[in-house]
Amino acid sequence: MNIGGRWSVAIASTALALALPLASSGAAPWQASVATAQVSPTAITLDGGPTSATDATPVRLDADLYVPNRTPAPAVVLAHGFGGSKTSVAEDAQYLVDRGFVVLTYSARGFGSSTGQISVNAPDFEVADAAQLISYLAGVPEVSQQTQGDPVVGFGGGSYGGALSLMIAGYDLRVDAIAADITWNDLQSSLFPQSSVTSTETGVYKQLWSALFFSSGLTSGPVDTCGRFTQAWCDAYNLAATTGTITPAGVELMRASSPATITENIQVPTLLGGGQSDSLFPLDQVNANAEQISAAHPDTPLKVVWHAQGHDGGVNETDRLRELTANWFDAHLANGPSVSTDFEVSLVEGSAISDRAAGTVSVLSASTYPGISGDENSTFTLMGPPQQILAPAGGVPAAITALPGLGGFGALARSALGLPLPRQSAAFISQPLETAGRIIGSPTATFEISAGKVTTDVTIFASVRIVSGNDRQSLPKGLVSPIRIDQVGPEPVEVTVALPTIVTEWAAGDRLALALVTTDQAYRMPAGPAVYTVALTNSILQVPNVSTTASAGGIPPWAWVAGALVLVLIIAVAVRLARPRTPTPTTDPELVGDPVAVRDLVQEFSGGLRAVDGVTFTVPRGVVLGLLGPNGAGKTTTMRMVMGLLRPTEGAVYVFGERIRAGAPVLARVGSFVEGPGFLPHLSGRANLDIYWRASGRIGDPHLDEVLQIAGLGDAVDRKVRTYSQGMRQRLGIAQAMLGLPDLLMLDEPTNGLDPPQIRHMRQVVHDYAATGRTVIISSHLLAEVEQTCSHVVVMNHGKVISEGTVVSLLAGRTGLRLEDVFLELVGEGHGV
Amino acid sequence: MTINASAPDSNVGEVTYNARHTLTVPTEFIRQVRRKRTLIAFILVIALPIIVVAAVKFGPSGNGGGGFGDGDLDLVGLATFGAWNFTLTMLFFGSGFLFTILAAMFLGDTVASEASWSTMRYLLAAPVPRRRLLRAKIIVGLLLTFLVMVTLIVTSFIIGLIAFGSQNLNSPLSGTFTTAESLQRLAVISLYITITLLVPAGIAFLLSVSTDVPLGAVGGAVVIVIVANILDAIEALGDLRRLLPTDYGGSWIDALGSTIVWDDMAIGAAYSISVFAILIGVAIVKFDRKNILS
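Taken in order, these protein sequences are the chains called A and B. First residue of the first sequence: 432, per our numbering; consecutive thereafter. First residue of the second sequence: 0, per our numbering; consecutive thereafter.
These aren't lab readings, by the way, just hints derived from the structure by calculation. Heads up, some of the hints might be wrong.
To be verified - Distance condition first, Cα-Cα at most 30 Å in a straight line; then the derived DSSO-like pairs of lysine-lysine:
hint : chain 1 : residue 1 : chain 2 : residue 2
1    : A       : K1231     : B       : K289
2    : B       : K35       : B       : K289
3    : A       : K1151     : B       : K35
Generate coordinates for the entire structure from the input sequences, incorporating the hints supplied.
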């Protein structure tokens, strides 16, 4: 177990073996590559304090020195968490060296490759080691020095390393700033917590955490009941684990290793981090450190942060805390920008999506640190009759709340796992609350407990639960407050309990409950069975809150949406600006009388093929013009350019004097039929024409009946188009082109698929159409057809116009010849037509 | 913009043209709504709740339905609690893949199918301005997608009412809501799901103006969503997954807490709207300049 293996947190260590790899992968994966060139540390071995009380030989400490590009620079010593080594803090070291500090990491005695035995931050040993490190830094030329032998140095660490930072700051005046995260104030009250406010009795042994703590000191060396621990610590542990008690010697050991003994000496800027998801060193431990330091020296710069992580996992805030720590050292060791000493508390607004690290954190701040009692208090009335609860023999089955080492239990607190077992729990519940509210701090309540017969070693776990609609309970962060009473009999004992220090919100309509439970699997429980009666005394639940201002903790939801809408606006403007420019001039007044005027038209397709290559011709009003040419001559491509479907590479097309571009309004005067018909297959012929007319934006008489008559579909006009033959579609397509009787009609191969009578009919239709003064352009390969229908022709080949004029003029002087002969002569015999 | 189209002969009536009257939304709606695929989509979402009710009522009795997410949330297990819960469960089913496919179909097929029917050139030569054509296509595509969702919700509610009664929404996260809350939560969830559908819709639409093959546009969009789903499941990608459209699909769960947590939904909505705007912007600019060869 790597307790607080990284300075800022021991996050979500799901299994002992996984602790380290998991902790390192918790950070953003690309961080390493974004960071500037990595500074390689120099491995060194340093002399520490004496090996033991009887052996003055110094222990050998395995250390790494990181030197930044610019020196001399202030130094920061990073102390690792329990079970870790100098490599556990390498990532933090790398971050700090990038920020310009000389960083010294080392394996504490009894860990990694350092020699010596674990004495849990004892003043004579681990703290003496730290003092030796300062002396070493006094001789390193890259480290800025205050005076001879006194380097500019800060200490930082989490958990085990955090306690060491506090201890060395209390014992050694050469330390200039510290940052201590998720660590203890008093080891005994951490491992034997007693939440009864008035009681002086030993608390309940925190069995599971202690075991994890101890066993991580047994993982190297020979298999041995004491591992790398000193005999004194080993004895104290084994006694506690076996009997749940401590001897006076054990009490003294833990006291000596507790910052509580020297907090009054700490006068350097101190950054204290506490984890909301921490059942090992909960917020009240951090609070004790903060209150003792500020009580002794009110002027000491002290910043307290209640973040959302902790030994139990929680929500990852590593990046924020790492930056804050670096800023803190920068401000107090390197005269960098000052860092406010405002109290910061993270409020987790849980997203239910589990893979999103359980939600958004908003950081609230207050200018003064309010402690765990808050600066605003509300009281709520609890209700409920006296209730009997059973303490089962052997303490099992036990309620499961926080899971040491498993982490992330906050997310599970809603589920059935967090619920107490039946008959083992009593609950006193408020009325549904009218307004939503917040708890920041440790609520308190008073109750009385009695037993039918005298019972010793009475253990109760108290907690605040939030009860939502449908009786769904949640236990904030899975934290409980253990209470141990030496003896309870028929005479009720009154207990005032300091409930867990939590940061949470309730919604309007929720109820608050005081839950009293006889079991919790993380603690040692009495072996004998018992039944207690618990009852309210004054029915009051005191709930602390802190008046805070939300600081820049996260982007508010509306800002995201507003940002997106701004982006939409920008894109809308950009798209509007990207509108294709209208070619100028837009009209040519001289050409207004000509239905179509094509000028130097070129269409070059990708690959360099010039389908139309400099075509110029004019179609006069009232004529039927045939556009002739072999396949690939560019007839259809020209027609598509007239319709605005293709953008000319060069040149221009004018229709009634207006220059054609995509969607030019003048196209409303053109009816077209190009490369076969196009209809919605799921609609009837009539519906197709009707809808096409409506979609075309033209208002007026479409002459629907007339054009349908031209199509000659009979009853089929009301059948779906998908049932039509090719000839029927062809005729319907021509009819569609004639809708509204446009001034210009363009028909591309109109007689395809028509039989001779229909061709004759079509010829008559076209003739009559032109007789009204309208213009028709027909492209066809049936030359006899064109000869009989058209008055003018334009002959194209290879994308060029090779002849144009009236049919009469084309045949003039060529007596006896037909158009076909002229055509073949023009395009060359070799071409098929 | 009126063009006097009167012919030289005065016996022909006058025809005027106004670009603003081309391919109106109602006209495009009629063109699309009578297609078989539209009919099938609606039949599908009406049949789905009926099938689920039949499976619950007459199927082999299991252990109360599958789990959801972490195993903590049991949406499906609560499906039979009442009409509200049944509707929520159906939305959950639909949001997984069905709505995505339908959105991809309504927006992916819409332009490409005009190309494949050869109707596009006649519309553009009518002339329907190109941007107006896309506008009608997008609005009608989104409208049909929305109508399909509403149909599923209404059908599920009615069928749920008949089969399971009218009990208020029971959240897998935080107990039972009042009727007003149930309505509000369901509305928020439906709206959020609709907004997240903008991403597959936008992808499909961009593909639709890029190809003349309707199936290619719809299939392409669906394939992209599937690939995104697969990538989203790869934990090793870490925060990079936030760039994937599918990463935001489930955030509506946050509307089921005792209070609505907006953060994830706001991010998801902002993401979807932004991506949609970009894709549609690209589609419009691309279509402006496209040479119509179909």
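Quick one, are K35 (chain B) and K289 (chain B) close enough, alpha carbons at most 30 Å? holds (29 Å)
Pairwise hint evaluation, K35 (chain B) against K1151 (chain A), where the allowed Cα distance is 30 Å at most: holds (13 Å)
Proposed proximity, K289 (chain B) with K1231 (chain A) (alpha carbon, max 30 Å): Holds, at roughly 24 Å.
Hint compliance for this structure: no hint is broken.
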